Amino acid sequence: MAVATHDNAHADPTAHAWERVRINRLGLWLFLFSDAGLFALFAASRFYLSGTARDPHLNQALGLAITSLLLLSSLTAYRAETAFVHGNTARGRAMLLATIVMGLMFAGGVAFEWATAEFPVAELYGTAFYSMTGMHAFHVITGILFLAVVWARSGDGHFSGGPKVWPITATVMYWHFVDVVWVFFYPTLYLLK
Amino acid sequence: MPLLLGFIFGGVGFAVGAGLLGAIRTSMGLEFWSTDMSWSIAYPVALLGWLAGVGGWKYWATEWFGGTPAVSPKGVSRYFEFNMDHKVIGIQYGVTFVALFLLSGLTAMAIRYELMHPGMQLFNEDQYNAAMSFHGIGMVAVAVAIVMGCFGNYVVPIMIGARDMAFPRINALSFWLVPPVAITLVIAVLLGGWDTGWTAYPPLSVLTKSGQTLFNLAVTTFGVVSILGGINFIVTIIYERAPGMTWGRLPIMVWGTFAGSIIAFFFTQGFAAGLLMVLFDRVIGTSFFGAAHGGSALLYEHVFWFYSHPAVYVMVLPAFGAVLEVLSHMSRKPLYAYKWVVGAMLGIVALSGVVWAHHMFTSGMADYLHAPFLVLTEMISIPTGIIFLSVLGTIWAGRLWVRTPMLFALAFIFNFTIGGLTGIYLADMPTDVHLHDTYFVVAHFHYTIMGGEIFALFAALYYWFPKMTGREFNETLGKIHFFIMFIGFQLTFIPMFQVGVRGMNRRIADFPAAYEGANVWISMSGFLLGISFIFFTVNMILSWVRGRQAAANPWGASTLEWQISSPPPEHNFDEIPVIQEGPYEYGVPGATPHARLTGAVKHA
Amino acid sequence: MSKQSHAAAGESADQRTGFTVFLILAVLTIAEYIVAVGLDSKVALVVMLSVAAIAKCWAIVVYFMHVSRLWRGEEAH
Ligand SMILES: [Cu+2]
Numbered sequence: 007m008a009v010a011t012h013d014n015a016h017a018d019p020t021a022h023a024w025e026r027v028r029i030n031r032l033g034l035w036l037f038l039f040s041d042a043g044l045f046a047l048f049a050a051s052r053f054y055l056s057g058t059a060r061d062p063h064l065n066q067a068l069g070l071a072i073t074s075l076l077l078l079s080s081l082t083a084y085r086a087e088t089a090f091v092h093g094n095t096a097r098g099r100a101m102l103l104a105t106i107v108m109g110l111m112f113a114g115g116v117a118f119e120w121a122t123a124e125f126p127v128a129e130l131y132g133t134a135f136y137s138m139t140g141m142h143a144f145h146v147i148t149g150i151l152f153l154a155v156v157w158a159r160s161g162d163g164h165f166s167g168g169p170k171v172w173p174i175t176a177t178v179m180y181w182h183f184v185d186v187v188w189v190f191f192y193p194t195l196y197l198l199k
Numbered sequence: 014m015p016l017l018l019g020f021i022f023g024g025v026g027f028a029v030g031a032g033l034l035g036a037i038r039t040s041m042g043l044e045f046w047s048t049d050m051s052w053s054i055a056y057p058v059a060l061l062g063w064l065a066g067v068g069g070w071k072y073w074a075t076e077w078f079g080g081t082p083a084v085s086p087k088g089v090s091r092y093f094e095f096n097m098d099h100k101v102i103g104i105q106y107g108v109t110f111v112a113l114f115l116l117s118g119l120t121a122m123a124i125r126y127e128l129m130h131p132g133m134q135l136f137n138e139d140q141y142n143a144a145m146s147f148h149g150i151g152m153v154a155v156a157v158a159i160v161m162g163c164f165g166n167y168v169v170p171i172m173i174g175a176r177d178m179a180f181p182r183i184n185a186l187s188f189w190l191v192p193p194v195a196i197t198l199v200i201a202v203l204l205g206g207w208d209t210g211w212t213a214y215p216p217l218s219v220l221t222k223s224g225q226t227l228f229n230l231a232v233t234t235f236g237v238v239s240i241l242g243g244i245n246f247i248v249t250i251i252y253e254r255a256p257g258m259t260w261g262r263l264p265i266m267v268w269g270t271f272a273g274s275i276i277a278f279f280f281t282q283g284f285a286a287g288l289l290m291v292l293f294d295r296v297i298g299t300s301f302f303g304a305a306h307g308g309s310a311l312l313y314e315h316v317f318w319f320y321s322h323p324a325v326y327v328m329v330l331p332a333f334g335a336v337l338e339v340l341s342h343m344s345r346k347p348l349y350a351y352k353w354v355v356g357a358m359l360g361i362v363a364l365s366g367v368v369w370a371h372h373m374f375t376s377g378m379a380d381y382l383h384a385p386f387l388v389l390t391e392m393i394s395i396p397t398g399i400i401f402l403s404v405l406g407t408i409w410a411g412r413l414w415v416r417t418p419m420l421f422a423l424a425f426i427f428n429f430t431i432g433g434l435t436g437i438y439l440a441d442m443p444t445d446v447h448l449h450d451t452y453f454v455v456a457h458f459h460y461t462i463m464g465g466e467i468f469a470l471f472a473a474l475y476y477w478f479p480k481m482t483g484r485e486f487n488e489t490l491g492k493i494h495f496f497i498m499f500i501g502f503q504l505t506f507i508p509m510f511q512v513g514v515r516g517m518n519r520r521i522a523d524f525p526a527a528y529e530g531a532n533v534w535i536s537m538s539g540f541l542l543g544i545s546f547i548f549f550t551v552n553m554i555l556s557w558v559r560g561r562q563a564a565a566n567p568w569g570a571s572t573l574e575w576q577i578s579s580p581p582p583e584h585n586f587d588e589i590p591v592i593q594e595g596p597y598e599y600g601v602p603g604a605t606p607h608a609r610l611t612g613a614v615k616h617a
Numbered sequence: 018m019s020k021q022s023h024a025a026a027g028e029s030a031d032q033r034t035g036f037t038v039f040l041i042l043a044v045l046t047i048a049e050y051i052v053a054v055g056l057d058s059k060v061a062l063v064v065m066l067s068v069a070a071i072a073k074c075w076a077i078v079v080y081f082m083h084v085s086r087l088w089r090g091e092e093a094h
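For the record, the sequence lines run as chains A, L and D. Residues 7 to 199 in our numbering are what the first sequence lists, from first letter to last. Residues 14 to 617 in our numbering are what the second sequence lists, from first letter to last. Residues 18 to 94 in our numbering are what the third sequence lists, from first letter to last.
These are computed hints drawn from the structure, not numbers from a lab. Fair warning: this is a prediction, and the values are worked out from it, not measured in the lab. Misleading hints may appear alongside valid ones.
[As the list claims (entries may be wrong)] Under the rule of at most 30 Å between Cα atoms (straight-line distance), these lysine-lysine pairs were calculated in the DSS-like manner:
(1) A:K170 <-> L:K71
(2) A:K199 <-> D:K59
(3) L:K71 <-> L:K87
[Claimed, not checked] Ranges between beta-carbon positions, derived for each pair:
(4) L:I37 <-> A:T20: 46 to 56 Å
(5) D:K59 <-> L:F427: 35 to 45 Å
(6) L:Y92 <-> A:F39: 56 to 66 Å
(7) A:F39 <-> D:A48: 53 to 63 Å
(8) L:K352 <-> A:Q66: 53 to 63 Å
(9) D:I41 <-> L:Q593: 43 to 53 Å
(10) L:S376 <-> A:A121: 18 to 28 Å
(11) A:L151 <-> L:L204: 30 to 40 Å
(12) D:V44 <-> A:L151: 51 to 61 Å
(13) L:G88 <-> A:T20: 34 to 44 Å
(14) D:L40 <-> A:G57: 45 to 55 Å
(15) D:I71 <-> L:V601: 27 to 37 Å
Think of the CB as a built atom: it goes at the ideal place given N, C-alpha and C, for glycine as much as any other residue.
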């Protein structure tokens, strides 16, 4: 009852929905910013403990491969969101699926690397490497779960048009955030010397 | 019923998590159960189960899978499950944290009994560590979250003319993460506790018994609560203000909450990162802090204090807000130097992030860090001093209405002055080297947080009690509570400065006989302090159950929450109010009322 | 009909932006890799990798995550 008579600007349901999106967007940005702080502290700890030193046994080819894969998945995520914004559900769903698949491949790549890496977790470089890639992989997996949920729900035109695209946008933003973290982690872990 | 479901689902989640891990471990040829690792994996799954059980599924998550969320019931039962009304959540936070406050207070009584005489009375050393550690983290959790969680949630949305917080479901989620934190900490104590106080310094925290793992898991969860809460307040205050509620017209309580929220959201990861690193060292064998492989325990102190210094401002900034609120309304005067106070609060936010190493003057960190951290720390006295000027200017020549909340607010000024001034000796490197890790620090900290924030908390509690419960509290019992608490507090903590200067170490179960006299005195006064909370508890329960019906505006205050009924209706306002003047225009000639509640105009 | 094709044109323009940004990101990533393999100076490497990472982060935040919608809103365009 009280909600129904919510103030006049809200009488227009679309305007109200856009206002919700604005609010949600700021909340998501703040959350991502906060989460980035956690990653930054781990990266800072890596430099504090061992400077830029890197273990020579790193599998560089694999590193470059999974990095490219994650970058490419950011593109498909972008394409998915753009498609949904323009009401192109079919392409949006295909792109979401492509993102999920590449995310899974990235996670598989990290798992493979863990299984074959030749440096122990107890060494300083191993400490940084396993904890940082592990935390990042955890975010990748949660991102995949979110993507899977919106993909499964997107069939019936649920997310088509204007403010209704928000759940897709939010998930895709989270995915881009995971990529941004890797943009910094990749040189930090693989390329410095 | 949802609570029971929460426990069942939580238990099931724990079993599933531990079982899955066990299966994987068995297949790798390891033992099924490994305490630290099994707990670390099972705990988050148990959390999810708990959240689903208490209503997170029924009222929220089901819609991700095509279901329709249920509608919350009315009546008392809604306090015992996932509910999104900010007023319900405020009361949930308040009751939970008052209970935790009393529990942690009881351990303080036990500690004082133990420390009355040299030698061991009540505890052995391990038990002493468990009690001291639980008291520490319990009270820190209370201090961080009670003012914002209870009054921030209940009052701030109404003060800015909103119908709820920006994220009601996140709000409910953050509250329902709190009971598992408390339960986990209690379980940790029952299983033998942990030894590292609330600070969890390695290398001890890496090497000590498994209670530490539960501590790390619980407190990391609490960090999530703090971050989510902070984000929620920031977004609410930015986007949910009523028309005309400009930044210059926000009640100061809102500003305090806003400033505290910025810190909570920006710095809490420091504690989480430190605790996760300890957990990684314990569970998967990394070497963040293991010196054998080149790890550094100093790293932990940097990461930890990067959060834990700003944390004290998460505690006191909302408390400043609440006290200034009470002082202005009950002195019947405009808040003195409003803009300067806001600037000072934001100045504290900015400075809080660059002073952490004042906790590390004796840690062996690089010498060149000492001077900058000394100077930056002392600079914090500038914004704090401005807030004190505002306090004095506000009550100066005012018409003081000395009821229970006002007494607590005035006591806050007295206590925080002592706390602030003694802080100078700890910020000054030369004196700190002698005073570090003595009872001087204990006394200083309790003067700022207990004498400061907790007194402010009681000011806020008595002030908003009629609004939140719809009942009047008993003034006589309130005043008895105040006077016993105030006197007991001074008698307990003033002598601690003295034994601290004489070199008595903190966090130790036993002490040399030379300190006995002072400790008998401190313990006796401590018990007096403890007795005051009996009056408080009795007053709260009796008044809430059978107190007289409270008027809508018993204090005659001008801010929005007092313009609607006590307790407020479900969505606070029938029409969104229009703000036309600052909130503290007492006795200002020609001032229009703060808000107009009917005939809202269209907002831009 | 005409509204439909207008929407499709809007989409393909937006999708092209995505490809362009991706191309820049890919080039920067490969450059990072080559520099890391070829360069011996530690300091120069730190500087160059930092610059590249910040540039990539900026591109993703601005073009993929649409940070400007925070203050401009999405419905505005
Ligand atoms: Cu400090």
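What are the numbers of the hints the structure violates, in ascending order? 5, 6, 7, 10, 12, 14 and 15
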